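A.B. asks: All chains should be modelled from the sequences, with the hints used to inform the complete structure.
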Amino acid sequence: MSSDKSDVSLIHFNGKNYFAWAFHFGIFVKGKEAWGHVDGSNPAPDKNKDKDQHAKWEVKDAQVMTWILGSVEPNIILNLRSSQTAAQMWTYLKKIYSQQNTARRFQLEHELAAFQQDSLSISDFYSRFTNLWAEYTDIVYADLPSEGLSSVQSIHETTQRDQFLMKLRPEFEGTRSNLMNRESVPSLDTCLNDLLREEQRLLTQTTMEQRRSASVPVAYAAQGKPRGRDMSTVQCFCCKGFGHYAANCPQKFCNYCKKDGHIIKECPT
1 MSSDKSDVSL IHFNGKNYFA WAFHFGIFVK GKEAWGHVDG SNPAPDKNKD KDQHAKWEVK
61 DAQVMTWILG SVEPNIILNL RSSQTAAQMW TYLKKIYSQQ NTARRFQLEH ELAAFQQDSL
121 SISDFYSRFT NLWAEYTDIV YADLPSEGLS SVQSIHETTQ RDQFLMKLRP EFEGTRSNLM
181 NRESVPSLDT CLNDLLREEQ RLLTQTTMEQ RRSASVPVAY AAQGKPRGRD MSTVQCFCCK
241 GFGHYAANCP QKFCNYCKKD GHIIKECPT
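Mapping the sequence shown onto the UniProt record's numbering, position 91 (from 1) lands on 91, and the numbers just tick up by one.
Please note: incorrect hints may appear among the correct ones.
Computed list of lysine-lysine pairs in DSS-like fashion (alpha-carbon distance at most 27 Å, straight line) [stated by the list, open to error]:
id, residue 1, residue 2
1, K47, K16
2, K32, K95
3, K60, K95
4, K30, K51
5, K47, K60
6, K167, K49
7, K51, K32
8, K30, K47
9, K56, K16
What the hints contain is simulated information worked out from the structure, not anything from laboratory work.
Treat the numbers as computed from the prediction; the structure is a model and nothing was measured.
C.D. replies: What follows is the structure, encoded as structure tokens:
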């Protein structure tokens, strides 16, 4: 974006994320004091009355057009070629892509209904859930008059919190019940803090149990293993030597048949 390039990366508009892109782009342009070029509230000065001001306006408007073109997919750029000003580009994109509300809203409602924590951590689950919810509410709020917006937002905040809590894994049932049974159910942010602490507690508990389980067989084996006899004190009654039993004596002799190789109890005669 030339010498006025932003330090942040704009959300890239791909044709499906209009509301998130429009929100982000709007903030960016307002920060550059150029929102009037986008919404049309700062039209071009009369060229015949003030050529210098008109020229400056064209430079600024071209810069805003460059920002728009730099934040959309190439296939969308082709549809903007006929636009002469940034306001015309903005109006075209809003007219085409904000009209797809119904289909996208239905899809998001379906995704939110089916979404569960499953194997996600609390942090990852919260991030994905709130991203889906934000896109959903962007569509819902777009058609609401400003007078009633705050009331609807308050209702949606409560619904968002309840939906988030209902989609948690069973091991968080205790924390969820505790949160819901409070006289004043806390905000989603407060619920998140409590759940993160519970997740850490469960992780620590699991780690300790695994260590205990691993140490029990080792301790049991150490206690149950019989102590070996000191063979240096064992005397063979066959050869009278030490260090082995008669059954294992290398010098076996039978006192009954007077033959080598076996002892009396092994004698075949």
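A.B. asks: Work down the list of hints and note, for each, if the structure agrees.
C.D. replies: Comparing the hints with the structure gives:
1. K47 <-> K16: Distance ~38 Å between K47 and K16 Cα, so the pair is violated.
2. K32 <-> K95: Cα-Cα ~24 Å, so holds.
3. K60 <-> K95: 24 Å, holds
4. K30 <-> K51: Status holds; Cα separation ~26 Å.
5. K47 <-> K60: Holds - the C-alpha atoms of K60 and K47 are around 15 Å apart, at most 27 Å.
6. K167 <-> K49: At roughly 63 Å apart (the allowed maximum being 27 Å), K49 and K167 break the hint.
7. K51 <-> K32: Given that 27 Å is the threshold and the Cα spacing comes to 23 Å, the pair holds.
8. K30 <-> K47: Holds. K30 to K47 sits at ~25 Å (cutoff 27 Å).
9. K56 <-> K16: 34 Å, violated
Hint compliance for this structure: hints 1, 6, 9 are broken, all remaining hints hold.
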